[in-house]
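Novice: Build out the structure end to end from the sequences listed, making use of the hints.
Here is how the chains run, residue by residue.
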Amino acid sequence: MPAEIIDGRKIAAEIQVELKQRIQRLQEKGVNPKLMTILVGEDPASLSYLRGIARTCGEVGVLTDTAKLPANITQSDLLKKIDELNKDPKVHGILLFLPLPKHLNSLEAESAISPYKDVDGTNPISAGKLLLGEETFFPSTPYGVQELLVRSGHSPDGKHVVIVGRSNIVGKPLIGILVQKQKGANATVTVCHTGTKNITAITQQADILIAAMGRAKAITADMVREGTVVIDVGVNFIPDPVTGKNKQVGDVDFEAVKEKAAAITPVPGGTGAVTSIMLMVNTVRAAESIVK
Amino acid sequence: MTAKLLDGRKISAEIREELKGDAKRLKERGIIPGLAGILVGEDPGSITYVGLKSKACEEIGIKEMMCKLPETVTETELFSNIERLNKDPQVHGIFIQLPLPKHLSSCEDKALAAILPEKDVDGFHAVNVGKTWSGQSAFVPAVAIAMHEMLIRSGYKVKDKEVVIVPADNLTGKPFASIMVQDNDRAGANVTLCHPTTPNLASYTRRADILVVAMNKPKFITGDMVKEGVIVLDFGSNFIEDPVTKKRKTVGDVDFDAVKEKAEAISPVPGGVGPMLVTMLMASTVWSAKQMAGII
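Sequence lines, in order, name chains A and B. Using my numbering, you'd call the opening residue of the first sequence number 1 and step up by one each time. Using my numbering, you'd call the opening residue of the second sequence number 1 and step up by one each time.
Hints were generated in silico from the structure; no laboratory data involved. Model, not experiment: these values are computed from the prediction. The C-beta atom is built at its ideal place from N, Cα and C for all residues, glycine as well. Fair warning: there could be bad hints in the mix.
The calculated BS3-like cross-link candidates involving lysine-lysine, where the alpha carbons are at most 30 Å apart (straight line), are [unchecked claim]:
#, chain 1, residue 1, chain 2, residue 2
1, A, 159, B, 219
2, A, 102, B, 219
3, A, 34, A, 87
Just a few of them, taken from the derived set where beta-carbon distance is under 7 Å, the chain B residues facing chain A [to be verified]:
#, residue
4, 129
5, 130
6, 134
7, 160
8, 168
9, 170
10, 171
11, 181
12, 190
13, 194
14, 199
15, 200
16, 202
Restraint-style ranges between C-beta atoms, simulated for each label pair [as the list claims (entries may be wrong)]:
#, chain 1, residue 1, chain 2, residue 2, range
17, A, 25, B, 99, 36 to 44 Å
18, B, 83, A, 114, 39 to 47 Å
19, B, 206, A, 221, 23 to 31 Å
20, B, 157, A, 222, 23 to 31 Å
21, B, 183, A, 255, 26 to 34 Å
22, B, 14, A, 16, 53 to 61 Å
23, A, 289, B, 157, 45 to 53 Å
24, A, 184, B, 87, 36 to 44 Å
25, B, 291, A, 225, 43 to 51 Å
26, A, 225, B, 90, 57 to 65 Å
27, B, 101, A, 225, 48 to 56 Å
Specialist: Below is the structure:
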């Protein structure tokens, strides 16, 4: 029997409605949530990401602007810009697009972002706080995974979550989020990876299986127990066998796995659809904490 | 089959010998590793621990620079001392002996966060936690590195093993997970983090090739909760009355008599991980001195 499809776009829309109300309340107090992005150079992937963020900000009602810095900027000038934004009371969130041009010290730049405005959890301190269970902004992709689970009625509380993939961007922060002793977390978390021998024995244990390896269709039906909830964080571009055109697929063999899973996120339209709205959630939260 | 007992005292002594060699070589280059401990007040337990650390420093060749502050010290004075040690180039490692006196207990976290990450030998600072998880070299809490060294030096392979950890705390569980999950020759395990509230916990612990427990509950892990051949790292510390002799003794979290018949190896309590903790703090201090000297 085919799985319930967890609709990322629908959930993003729900979150958007809630955010609009929160923004309105802030505006009544004279606060307009604002996200500043910093773009050094013209990296095409960053430009594309920037366009997506600008669009989401527009839809939600979060102000946004971009500090476009030349690719040959000095470290000192980059840090000055970050410091300026840290001190600007009208800026609530700061997003630094990565990667930076090679001559710059990324770690130093990331560490310079104020933790109060680090809405994508880029500052290395944020990663540490997350794994310590201290209050911090969750990076948008893993935060989106948690929201999808909770809002689709498949909260990880008390469940066995198996994460395949141990990246610094998704897998590891997800461990930090899901082991916390809080509602919407409190899961027993197993993390394995594509090189894991006998991976099927492990993935079959999952109540909730999260695929975040970056390998197209690597999670096959035999790896999934009947009734598992499957969250696909993979974004892979492969040529369509019919049209020859590149299309986006996840890490899960969707057609096969949906016959066994209780619920599954599609790609696209699943986790990807929620990522940018979580950045908005963090920015609004940053603005609200000033008002308190 | 009776489990091999992993001898923490022996491993600790081995590591101390190596550290003596490291300290000697550093001294030849004009560098003496310096460890500064902040001790506030007269708590007997704290005094004992700091005493053990001082002795270890002397044994290895680390300059012990204990900072003894009176029980009545103010928050401002505490922080100015931390700042002073942060700035002192002779200090390579700073630790704060916890707990702090009651009037300062609310600023314990702030005090720990005030230690320069480059000198945070206890590995509590968020910067070091973040770096360790992301696979960078950084300070890690002593319990976790002690357990890792115990496994490696006892000749056990970690790669591809199922490592099950309970609880997922900040002192033991998560730091150990942060080491085990890395993609390198001394790690690469499949790690499961459990809670005491995990439903059907035994179904997870029974899968473990390596089981780590730090619950402080005697007989928390019983014989039926482990599989044959498991390696158990027991960091529980429970002071109980022996039912037979009626004498008080320390036991771990594991039902030792039952589990030893199934396990390949156990770190006993006492005599397992415990004796290694001070040594691993010394190791972190020597490492810090090497880092600051640009040697590694």
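Novice: Does each hint hold? Answer for all of them.
Specialist: Going through the hints against the structure:
Among the hinted pairs, residue 159/A with residue 219/B is consistent with the structure: their alpha-carbon atoms are about 25 Å apart, no more than 30 Å. Annotation: proposed proximity of residue 102/A to residue 219/B is violated, straight-line Cα distance about 55 Å (limit 30 Å). For the given pair, residue 34/A sits about 13 Å from residue 87/A by alpha-carbon distance, which is consistent with the 30 Å threshold. Interface hint at residue 129/B: satisfied, since its Cβ lies 4 Å from the closest Cβ of chain A, which is below the 7 Å cut-off.
For residue 130/B, the interface hint holds, since its Cβ comes within 7 Å of a Cβ in chain A; the closest pair sits about 3 Å apart. About 5 Å separates the beta-carbon of residue 134/B from the nearest beta-carbon of chain A, less than 7 Å, and the hint is met. Taken as an interface hint, residue 160/B checks out: its beta carbon lies about 5 Å from the nearest beta carbon of chain A, inside 7 Å. Hint on residue 168/B holds. Least Cβ distance to chain A is approximately 5 Å, under the 7 Å limit.
At a threshold of 7 Å, the smallest CB-CB gap from residue 170/B to chain A is about 5 Å, leaving the interface hint in force. Taking 7 Å as the C-beta cut-off, the interface hint given for residue 171/B is violated, the closest approach to chain A being about 11 Å. Nearest Cβ of chain A to the Cβ of residue 181/B: about 6 Å, under the 7 Å cut. The hint holds. Interface restraint check: residue 190/B against chain A, minimum CB-CB distance 4 Å, threshold 7 Å, status holds.
The restraint placing residue 194/B at the interface with chain A holds, with a minimum CB-CB distance near 5 Å, inside the 7 Å limit. A least Cβ separation of about 5 Å between residue 199/B and chain A falls short of the 7 Å threshold, and the interface hint therefore holds. Hint status for residue 200/B relative to chain A: violated, with the closest Cβ pair at about 9 Å, above 7 Å. Contact between residue 202/B and chain A, as hinted, is not supported at the beta carbon level, the nearest pair being about 12 Å apart and thus beyond 7 Å.
Under the hint 36 to 44 Å, the C-beta atoms of residue 25/A and residue 99/B, about 41 Å apart, fit the expected range. Hint check: residue 83/B to residue 114/A, Cβ distance near 21 Å, so the stated range 39 to 47 Å is violated. At roughly 26 Å, the beta carbons of residue 206/B and residue 221/A sit within the given window of 23 to 31 Å. The supplied range of 23 to 31 Å is met by residue 157/B and residue 222/A, whose beta-carbon atoms lie about 27 Å from each other.
Between residue 183/B and residue 255/A, the C-beta spacing of about 31 Å keeps the proposed range 26 to 34 Å intact. At roughly 60 Å, the beta carbons of residue 14/B and residue 16/A sit within the given window of 53 to 61 Å. Distance hint for residue 289/A and residue 157/B: a CB-CB separation of about 47 Å, consistent with the stated range 45 to 53 Å. The supplied range of 36 to 44 Å is met by residue 184/A and residue 87/B, whose beta-carbon atoms lie about 43 Å from each other.
With their beta carbons about 46 Å apart, residue 291/B and residue 225/A fall inside the hinted range of 43 to 51 Å. In this structure the supplied range 57 to 65 Å holds for residue 225/A paired with residue 90/B, their Cβ-Cβ distance being about 58 Å. Checked against the hint of 48 to 56 Å, the pair residue 101/B and residue 225/A passes, with Cβ atoms roughly 53 Å apart.
Hint check: violations occur at hints 2, 10, 15, 16, 18; the rest are consistent with the structure.
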